[in-house]
Amino acid sequence: METLWHRWDVTKILRSWDVTKILWVSLALVLIALVANPLLRLFMISFESPAGGLTLGNYIEAFGRSRYLVGFRNSLLLGFNVACLCLLFAVPMAWGVSRTNMPGKKLVQVLVLSTFVTPPFLGATSWILLAGPNAGWINRAYMGIFGAESGILNIYSFPGLVFVIAIYSFPYTFVFATAALGLVSSEMEDAANILGAGQLKATFAVTLPLITPALLGAWILTFLEAMAIIGSSIIVALPAKINLVTLQLWEFFGYPLKVEVAAAYSMPLLLITMGLFWLQQRIMRRKSYVSLTGRGGERRLIDLGRFRWVLLAYSALILSLSIILPYLVLLQAAFAKAWARGVSWNNLTLANFHYLLFEHSLVKQSILNTFLYSSAAATIALALAISIAYIVNRRLVPFGHVLSTLAFAPFVIPGLVLAIGFYAAYAPPPLALAGTAAILVLAFVTRFLPIAYANASAAIRGINPEMEDAVTILGGSRLLAIRRVVGPLLKRSLLGAWLLVFIAASREVSSALFLYGPKTRTMSVMFFDLTEGGNFEHLSGLAIILLFTTLIFVLIGLMAVGRDFMLSKGSE
Amino acid sequence: MIRLAIRNVGRDFGGVVAVRDFSLELAVGEFVTLLGPSGCGKTTMLRMIAGFIPPSRGTIELNGRLVSSPSASAPPEKRGMSMIFQSYAIWPHMTVAENVAFGLKLRRLSANEIRRRVDEILGVVRLSELAARYPAELSGGQQQRVALARAIVIQPEVLLLDEPLSNLDANLREEMRFEIRRLHDEFGMTTVYVTHDQAEAMVMSDRIVVMNQGSIEQIDTPYNLYNSPRTKFVASFIGRTNFLVATRNRDEVVFRGFSLPASHFHQLEDLGPQILFCLRPQSIRLSQSKPAGIEQEEFWIEGKVVSRSYFGDHWDYSIDPGGGMTIIASAERRQQFHVGDAVWLELNPKDMAAIRI
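Protein chains in written order, with this note's numbering: chain A, -8 to 563; chain B, 6 to 362.
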């Protein structure tokens, strides 16, 4: 009797602690370590003095000097201007592509995608070659044509900084705008036409107000992107002596190291980011009219007549500034003995690549590191994401939404703030991960977990649970269903998600710059190391290697996943 | 007086003919429905009237003035028409009142006049209490009435409706049919209504244009369309029907299994030796035995019940009159026969519409 009782008890415990529950607990622990703990440590350390003990001194130091406060003002201004400029760049183009008979749409879309995958710090570097004072190509052309004493453009200025960030951020706005325009049925405009409104009036009274929530969302996203961008800031704002939040954080993180002050200084940035993302979600949800009444009604293209060439010319202008001119000058410099000597046979050389790949002691290592860390990060992030997405979407455990909230949380944490949190949490003993590959990979995993999770979750939601039920009703276990049905169905979208994370990690700057050690440089870290030498030929060479790598993986993604790769809602 | 004249209009899309040689004249205040299955060209025709698409051939005149031709087409905003769309196309970023006021503002009326007319029309469509609401807060039927109000408030000479009821559930659809017809009568607009629903067309229209594969099959009143369809398509598209094939044989029309005297049929001469007749199940009378001592005894034939279905309010009997074909006949609910019973049917030539094969 007693043994029976005992056995019953054991099976009961086993049943209540089945595999999914164990998985739930371990996933929760991993997420706490990756997301919650760094944030908590960041918050705590901002109140600790280096010697130990509670203090408000970090905040006093962080906000006690006008130079530091000016950094905040500049960053806010930068975000505002960039976000507005992005609207100007992207909205006419998006309207042209999605609602009109503008020619060359395919090409415009391909070039916008290319802008999207171009690391902004490479673009910023190429713009030094284009619009550096006096020596830049555009300035030299201007002086040559008009016989002027000096050039007209100076990239090392606040407008230059705004421009060089906006020209690589506008694809976000483009994606938001085309997605929203794609939901506006033509009948919405037809209804205005038949009541007496011309095409222009209908566009401004009906179409634009309808996509305003999406544009606001894009505005906020690009605002935050500009506030948190570190690469372009180092390349353009640092020489221009414009202080920014990002640069100030970098300074606190340099020598002498003031992690506690950096933590205090990053708090307002974190709060602004979280607040604005919350606002963005509210705007997009509350005023999502488009999805509401988008049903029915086909979409027809507006015939622009001769004006369609004007719109194409405008798009071509923007895209030559973001892609065509920058790539040309980077290519020229990468294969030149001296970039300023222009294009000629005796200026052509492969010496830059030889130097980078065979003479320089660190570049090879950094390329290897990049591949290693990025694939490790992509694999881990995806494994986590798919497990969480599966148990959350199939409602296998209570409180699943806690896991999904944690998985999405890093999206609202600026990369460099996350890096400071990681440093605070895992650099000191007992783990002492400072400068190791592990801390970089874990930071990458955390940073891009939202991308992986959004993709994995969408993929799983696309699989009807009845397909698994069909396996179990025929006598198969859930594991068999996952292996034989869910797995094969997910293959394509998971490959796409893996590539997205890999590409993002391979060009990641903010967390890498804060966490790398002497032996764990990635290519982008290497790039910033080289900027200090000021050798633009070598820099351009490395830029070409980086771009080439990205290009290969984007092409693989396009072939495997199709046209939606990257331009879909992967990063939402 | 002719409000709208459509003359020999055709439209191609990339070599495919969507509308072929369409001619129709609408009198002032007339309610005409374009009826046909999806892809028959009815919506294309409506959009040509509205001015969204220019015709490939032919002309459209409004009040005797040319508005559409292959070479020049007035844009929709210059036609003074109104239209109701399948998706309603209510602007979700404007309130009900703002939606309705849109067309009035474009006509630069004074603020007072706009307010007065918006109030008035919202009263007519019974939406006065919802003037300040946004469309997202309205039900489907209410959104539909906003669309009606927005279209009618500018007092258009011509109102176009593109399958406006197809997104509503059955009860609401029936209610809105009468609502639309009521507003038409009240404001005296000339109305062109597009639908694939024959019941809708029948109850609302003065005349119906039945279209199929881009061409007009028949233009007629609902009564004539039902009782004298001129093509097989019209007969089968509107209501249920029996098709009976017959040949002409001097004084008789010979069907499979029976024949009827030719003298009672009209206008058979120009139809050739093979004739197709359309006979509605409701037009057939049934009887247990041959009725004795009545006129037109010769219309009664004997058959056998092959199968039956009960619909609650009526019976459908499939009856074989002896030649292996079946005729469907409707009978009221108390008239009960069993499968295998012998039964007499009255096939009256005046209910049989002859159709050219």
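It should be emphasised that the hints constitute simulated quantities derived from the structure, not laboratory data.
Please note that the accuracy of each hint is not assured.
Heads up, simulated DSSO-like pairs for lysine-lysine below, C-alpha to C-alpha not over 30 Å straight-line [as the list claims (entries may be wrong)]: (1) A/K192 with A/K355; (2) B/K110 with B/K83; (3) B/K110 with A/K192; (4) B/K295 with B/K355; (5) A/K249 with A/K482; (6) A/K192 with B/K83.
Against the structure, the hints:
Using a Cα cut-off of 30 Å, the hinted pair A/K192 and A/K355 is violated, with the two alpha carbons roughly 58 Å apart. Of the pairs offered as hints, the one joining B/K110 and B/K83 holds, with about 15 Å between alpha carbons and a cut-off of 30 Å not exceeded. For the hint pairing B/K110 with A/K192, the CA-to-CA distance comes to about 12 Å; that is within 30 Å, so the pair holds. For the given pair, B/K295 sits about 20 Å from B/K355 by alpha-carbon distance, which is consistent with the 30 Å threshold.
Between the alpha carbons of A/K249 and A/K482 the distance comes to roughly 45 Å, so the proposed pair goes past 30 Å and is violated. At most 30 Å may separate the alpha-carbon atoms for a hinted pair to count; A/K192 and B/K83 meet this at roughly 14 Å.
In the structure shown, a violation is registered for the earlier hints numbered 1 and 5, in ascending order.
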